[in-house]
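Protein chains: 2
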Amino acid sequence: MKFEIKDRDAAGRICKFTTKHGTVTTPNLMPVINPNKMIITPKEMKKLFGTEIVITNSYIIKKDEKLREKALKDGVHSLIDFDGSIMTDSGTFQSYVYGDIEVEPLEIVEFQKNIGSDIGTILDVFGTPDQTYTEAEKSVKETLKRAKKSVKIKEEMILATPIQGSIYPDLRKKCSEEVSKINSDFYPIGGVVPLMENQWYSDLINVILNTKKYLDPSKPVHLFGAGHPLIFPIAVALGCDFFDSSAYIKYAYDNRLIFSWGTEKLDDITELPCCCPVCSSFTADEIKKLQEKEKTKEIAKHNLYVSFAEIKRIRNAISQGSLWELIETRSVENPYLLQALKLLRIEENKIWLEKFETITKNKAMFYTGSQTFHRPIVYRIHKKLIERFIPSSKDFIVFPESVKPFSTFYSDEIKQVYKKNSKVNIIVDSSIGIVPIELDEMYPFAQSVFPEFVDDETENAITSFFNCFTKNSNVICWIGFKTLDDIKPNEKVFSFDIRRISAVADMQFCKGAGYTLLDGKVEIVKSKKTGKIRNIYCDGKHVLSMRASDGMFTLKLDGAKILHKCFKDPHLRVKVKNVAIDFIKDGKSVFAKFVKDCDPELRPMDECLIVDEKDNLLAVGRCIMNREEMLSFNYGMAVKTRENLTSDNN
Amino acid sequence: MKFEIKDRDAAGRICKFTTKHGTVTTPNLMPVINPNKMIITPKEMKKLFGTEIVITNSYIIKKDEKLREKALKDGVHSLIDFDGSIMTDSGTFQSYVYGDIEVEPLEIVEFQKNIGSDIGTILDVFGTPDQTYTEAEKSVKETLKRAKKSVKIKEEMILATPIQGSIYPDLRKKCSEEVSKINSDFYPIGGVVPLMENQWYSDLINVILNTKKYLDPSKPVHLFGAGHPLIFPIAVALGCDFFDSSAYIKYAYDNRLIFSWGTEKLDDITELPCCCPVCSSFTADEIKKLQEKEKTKEIAKHNLYVSFAEIKRIRNAISQGSLWELIETRSVENPYLLQALKLLRIEENKIWLEKFETITKNKAMFYTGSQTFHRPIVYRIHKKLIERFIPSSKDFIVFPESVKPFSTFYSDEIKQVYKKNSKVNIIVDSSIGIVPIELDEMYPFAQSVFPEFVDDETENAITSFFNCFTKNSNVICWIGFKTLDDIKPNEKVFSFDIRRISAVADMQFCKGAGYTLLDGKVEIVKSKKTGKIRNIYCDGKHVLSMRASDGMFTLKLDGAKILHKCFKDPHLRVKVKNVAIDFIKDGKSVFAKFVKDCDPELRPMDECLIVDEKDNLLAVGRCIMNREEMLSFNYGMAVKTRENLTSDNN
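Chains A and B supply the protein sequences, listed in that same order.
With the working numbering applied, the first sequence covers 1 to 650.
With the working numbering applied, the second sequence covers 1 to 650.
Simulated from the structure, these hints should not be mistaken for lab results.
The model shown is predicted, which means the values in this text are computed figures rather than measured ones.
Just to be clear, a hint being listed does not mean it is correct.
Since the list can't tell identical chains apart, any single copy or any two copies may satisfy a pair.
[To be verified] Once the Cα atoms are required to be at most 25 Å apart in a straight line, the calculated DSS-like pairs of lysine-lysine come out as:
1. Lys47 / Lys297
2. Lys295 / Lys47
3. Lys20 / Lys528
4. Lys141 / Lys383
5. Lys363 / Lys288
6. Lys265 / Lys363
7. Lys404 / Lys148
The following block holds chain A by itself, in its conformation from the complex (with noise of 0.2 Å):
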C-alpha cells in the first residue's frame, strides 16, 4: 500500500492511494456493490461514474456457497467483473442490523485474503450512539483485541481496522492510539451510521473530531457507510478519505434522489433540480412514470452522478484553495448541520485545525456569514498579530474599510501621518478586522472579499478582537487630515517599506525576524509595472523576495543563513536524517520518511530551513506538511527544496 498527498486544504487531502489493482484518488467514494443483486455494474460504474473502487460483502460471499466457490476459484474481482481496487466488507454491520452472525472473527480475514480483496476489514464490534459506557469499553476492547489478532495474518493484503467507542470521546480517543500502534493500513471510522440516519450531524462531527485527532495521519480514513453528499465536504475538511455509499441503491428502491442539499422524494418534485445525464433526458413525469426496474435503475444512476459529482467538486476545491468556502455554503442547507458547524469554534478544534491550514492559498477568501471568522486561518492571523506584532509605539490611528489595497487607497494619509510621526501605528478597521497597513497585502487581508456589512456576530467578534489588539493603546479614529492635529510629532524612524518588510516577516518567520533580516544596509528592488516590493537586499546578501500573490516573502538562502543564525533549534527547522543529507546536497526535495524532527510551528507551505541532524544548514524550501505528518508518512515530499547549500556557497 502507498498513500501519498498531493494536495490539501482544511485538514482534507488530495491523495494517491495504491493497492495491487491500481492508483485510487482519494477523497473517494466506493458505492456498494451487492453480489447477488447489482443493478448497475461495477464496469457501468467505471464507464459512467469513474469509479475507481467498490466495496463488496465478504460475509455474503462467504456465506452463498455459488458466490463463495466462484469467489475462492476466480477471484472476488472476477466475481463481481471489476478490474480496479475492491475494498471488502466483513459482516459487522450484518450483525448489527441482524443480530449474531456465522463466521469467526480471524476466519473472515483468511477469506478475504482467499478471495484476493485488496483492501479487507477485520470483524468489528460495531458500536451504536445508545451504548452505555461500559458497553462501547467492551465492544472497542474486543475490537481491539480481533485487530491485534488480525494483523498478524494479514500478509499482503491491506487490511482496515474500523475505529467503534460510540460517542464517548475517550474510547474513541483510546480506541483511535491503540490501532495507531499497531500494523493496520486503512481506518474505517465505524459506528456512524446511526448518527448519519438521525441527523445527528454534532455527534458524527465529534466523532470524526475525536477519531482523526488521535490517529496515525499517514493513514486512509473511511468514514463507514457515509453515503449522503450533503456530509462530504465537512468530513473531508477533518480528514476522512474515503465513503461508502449503499445509500444511492437504499434510496432508490425508496424512489428518492439524493441531491447535494439532502434527499427529495420523487413525488415531491415537480421539475427535476439538476442536469445530470438522468435528469437532462427524463422529465419528473417521465421518470415517475417509468417501470419499477427501471425507474430504480434511473434513480440509482442519478444518486451516484450527483454523489460522484460532489466529490470532483471536493477535489476542486481542495485544489483551489475554497474547502471553508464549500463547507459554509453547503452548512446553511441543513440547520442540523449548520448547528453541528459550531463546534469548530471550540477553541481546542480550532488548534487543532489550525496545524493543517496552509499558509497561503491559490483563492480568495470568502465570506459566506458568521462561520467565517471562525475558519482556522482567522484563528491564526489573530493570534499571531496578538503574538509577532510589534506596535512602534503605543499610538493608534485607525482608518476606517476602503478600497483595496488600504495602503494605495489611503497613501496621502499615510504620508501625512509618518511626517507628523513615523512611530505611529496605523491600522484599518475592516470587514475582516483589524489590518496593520504593513501588512494589507498579505494573505488574507487582501485575498478576501467580505461585503460592506458583516453580520451582527462577525462585527462583535471584531470589536472583541480590536479591544484586545488596542489594549493599553492610544487609540484615535482618523475622520480626516484634521486627524492630523491629535498627533504628537516626532522625528522619522522607519521608511514604510520597512515597516512592511518587516511586519511581514515578523507574522510569517517569527517575532523579531524582520529586525533580524534588515540589520545592515538595505536596498529594496520593486515592480517596475506595479511598484510592490520584488527583492530586498541587506548588506548585498539577497534575503527575500516578496510574492505579488500574496504579499508573502519567499526565504532566499542569504536570509535563510541569517534566520539560522539567530534563531536557535527548533525554530523554523525541519531535521532530516543524515542518510539524506547528500541528496538535499544535490538540491533535491525531503521526502517524509527522511525527516527526522520538525519545528512544531511549521505549517503546510511554510518557508523553512532544511538542517541536518547537528543542525547545520543544508538547504531552504517549502514545507509540504506539517510536523505529525512528516513524522509519521513513508511516502510524499514533506519538503520542497528551492535553494540548498553546496560546498561553494556554503
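Got chain A sorted already, so can you dock chain B onto it with the hints?
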C-alpha cells in the same frame, strides 16, 4: 397572448405563457441566438435542454442583406430553424455598446412584425448606471414616447416595452407606471447588464423592486440580459418571469464555465465540479485539450445545462414552497449578493413582499441563517400576533423551547397552569420566536426547522419581538412546577381546545373571528388516530375544519355565513361581477376577469367569502391571487370555490 399563474412562492410564480408558437412555462430562460453564428442551434437546444423559447436580434438580421431577405421571405422561425416561440430584440443594446445605430424606432417594430417574431421589442433608450438624473429622465421620456407610438402598430405581435430609469427609484417607478397604462404586453427590465457585470447586486435588486412594484402584475417581466444563474432565484422571487442568456456562449469563448455559484475559468479547474452530460463525459484535462471550436461548444453546452437546471430547480422550489430557502442558500455563495439580500429587510420591501406570500406552504420552513428571520412570513406572523392575538389576561408564563409539538410536550404543565388559572397566557420562547401555546400546530410555528442555537442577529430579533409582545404584561418564566406558586388562582374560563380554535381563527381570519364563530354550543370532533381537532360545530352547524398539515382552518359554508354577517364589507370578501353570479352558484371557481374587488388583506391561499356586487354571500373558497393580481389578470383562477350556496341552502 395568454399569461396565467399556475403556482407561486414569494412574489415569484410559475405561469403558462402562450404565443402563436405554443405555450412556454415561466420562469424560463431564452438563450440568445446569433443568426450569423449558431454554435448550438435552437433545434439542438430544444433536444438537449428542453428550450421552449429563444431570443434573437432583429437589428442584426435587418442589417445583413442575406439574413434580411430570408427572414422577410420565410420568417424568423425558418431563418433560425426553430418552431418554438421567438422573441426579437431591436438594436438597443447595440446602440449602447457601439453608439449610434441605423434604424428608426417604428421601422424596427414593423420589421419584427414582418419577419413573424412572436415577441417584438421596441427600440428603447438604454439607461446606464452612470447616467445623471437628467440624462436618465431623458432616456425614460424617449423610451415612453417610442413605446406609446409602437403599441399602436403592433397588431398581432406581442410587444415588449423595456423599463428604463438607470438606478433612480422614482424614474423606474414613473416608467413602470406609464408603461402599465398603455397597451404593452411584456416588460423587460432594461439597463441592468452593467449592474450584473460589476456585481452591483444591491443596485440590481433595487432596480427590480422599484420597477416590479409599479408594473401591471398580469404581464410577464423579463430581466433583460440576465443570463447568470446566481441571480435567477432572487430575481424570480421578486417577480421576474424571463431571463435571456448570451452568457452561455460569451463565457464559453472565454473558457469560463457557469455554475450556480458563479463562473470559473477552465484553467483554474482541476476536476469538473458538475454532473451535467458534458462534465460526465470529459475530465477537466480532456476538455482543456479539445480543439478550440469543440471546446467552445462543449463549454457552451455545459453552461446551458447548468442554467436550465437552475430554472428547473427554481420552479421546483416554487411548487414546494421553498424558494426563500433557495435564495438564502444561494446568496451565501457570493458576498455581494449576500449584502444585497439585506435590502429585503427594509420595511417597505417587506410590506410589498408580504402581499404575495402564501398563507401556508407544502414544506416546512428551514432556517438558513440570519436572513431567515426577515422573510415575509415572519414579518406577517409577528404583525398578526401583535394585531390579532387576544391575551386572556396580563399574565404570561414563558416555557422554554422543547420538542414539537409544544402543547404535547408540555401537556402536564399546561393542565396544571390552567387548573390554577386558565386566564394565564402560555407562550413558548422558541428558535422561531414567540409561540402562543394555542398556535403551536399552526403554520409556520410547527412546520419549521430551526437549529437549537440560532445566530446572534436572530436571537436579538427574537428578544426584541418578545419585549414588544409582552410589553405591559406580567411575565413569569417557567422553571418547573414550583412556578405554579407564582400564579394567582382564578376560576376556569376556557378549555384548551376552545382557546386553540379561537386563537387560530383570529390569526387566520381577523381579530374576533374566533369569538364570533364559537358564540353558541360548541362541539369538537377529533381525529381518533392523532387526537387532533378535525371538525368544529357551533349550535349544530359545521363551521370549521382544521387541516392536519398546517394547523389552519378550512372555512365551511356555515362558518362563512357567520363571518359574513358579523364582519362588514370588505372584510374577507372577494366581490364578483354580476355576470359571474350564475357560474358561482353552479359551484364554478372565480376567474380573475370576473373579480370586481377584493379585501386588500386577503393573501394567496387565504380562505375567503365570495360575494356579489351587493355583498350577498355566494360561496366560500380559497384565494389563488392577492387583490392586485385579481384586479389585473385577464386569465387564470382568482379563487377556488369550495362550497357554494344554492337555492336550497341559501
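Hints and how they fare:
1. Lys47 / Lys297: Both. Shortest intra-copy (15 Å) and inter-copy (23 Å) distances satisfy the 25 Å Cα cut-off.
2. Lys295 / Lys47: both (20 Å within a copy, 22 Å between copies)
3. Lys20 / Lys528: Neither. Shortest intra-copy (54 Å) and inter-copy (62 Å) distances fail the 25 Å Cα cut-off.
4. Lys141 / Lys383: For Lys141 and Lys383, the Cα distance exceeds 25 Å both inside one copy (40 Å) and across copies (59 Å).
5. Lys363 / Lys288: between (42 Å within a copy, 20 Å between copies)
6. Lys265 / Lys363: Cα proximity of Lys265 and Lys363: across copies only (12 Å, versus 37 Å in one copy).
7. Lys404 / Lys148: Neither: 58 Å inside a chain and 47 Å across chains, both beyond 25 Å.
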